Amino acid sequence: MLAGILFSLGLISLLVRRDLIFVLMSLEVMLNAAGLAFVVAGSRWHQVDGQIMFLFILAMAAAEVAVGLALVLQIYHRFKSLDVDTLGEMRG
Amino acid sequence: MELAFYIAGAVAVISTVLMLTRLNVVHALLYLIVSLLSVAVVFYLLGAPFVAALEVIVYAGAIMVLFIFVVMMLNLGEHASGMERRWLTPGIWTGPMLLAGVLIIEVVYLARGATGALGTAAIGPQEVGIALYGPYLIGVELASMLLLAGLVGAYHLGSHEAKRPEIQHDADTHERRADASGDLVLAGTDQPARTP
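Those protein sequences? They're chains A and B, same order as listed. Following the working numbering, the numbering of the first sequence begins with 1 at its first residue and continues without gaps. Following the working numbering, the numbering of the second sequence begins with 93 at its first residue and continues without gaps.
What the hints contain is simulated information worked out from the structure, not anything from laboratory work. No false leads were mixed into what you were given.
Pair by pair, the computed Cβ-Cβ distance ranges are:
1. Arg44/A x Met189/B: 30 to 36 Å
2. Arg44/A x Ile230/B: 22 to 28 Å
3. Ile160/B x Arg44/A: 31 to 37 Å
Predicted model only: the values in this text are computed from it and were never measured. From the three backbone atoms N, C-alpha and C, an ideal C-beta is built for every residue, glycine too.
Based on the provided sequences and hints, a complete structural model is requested.
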């Protein structure tokens, strides 16, 4: 329930906000909610696998956010903007 | 214990909503940190103390430091000094401080009181470690390769802008920002005029 609420909040933010940093932050919220769902399931059936899955999600989120923030830096230095709508032209 | 879970969940949801509605990036980062900490408390209550500690260290520590570094490097607030003055007003950090205070009270209460398992027994770090290096060894290797790829990729993407620090320096002026908004500068093909 809580994981669902957090995930939907992150998804709404991902769709609504037009700033790349906010998009990355909402991605963090969504990954966190997914990990929370895994841990809750693992705690419900008393299995270790949920926590293992959360560890993998954690590693994946760390790698994703490193690459994503490097991309944000590159995009900002090229376009001088972080607005998704102005970046959406795909023409360079 | 149920009440503590609901309090932590409410703090998580409230801080996430407040994070999404902030206009400033740094304020949103403050609320995001509070949200991650409350999720860590929820993990502790669910009987996963190892994961709770990792959540605090990796999410609220390392990833937030990355975000803050990028916000600093982007320097999105052009009127930085006035914003600095406004940041010191107490109205901004009272919200995260209140929510974090609720979490601190809850953690102190939990540390004084009962064990942290909600319903079922806690799964300690020992069992997690045994399972992680037993049947999930391939996953650990894959995660390490993914982290290595992320490291190399982030370095590669970041090294291009390190090669031309002059542009970043010039970008602070408004006319450079204005005329650089349209054209795409290929990496390594431009030589900016170096003015002594």
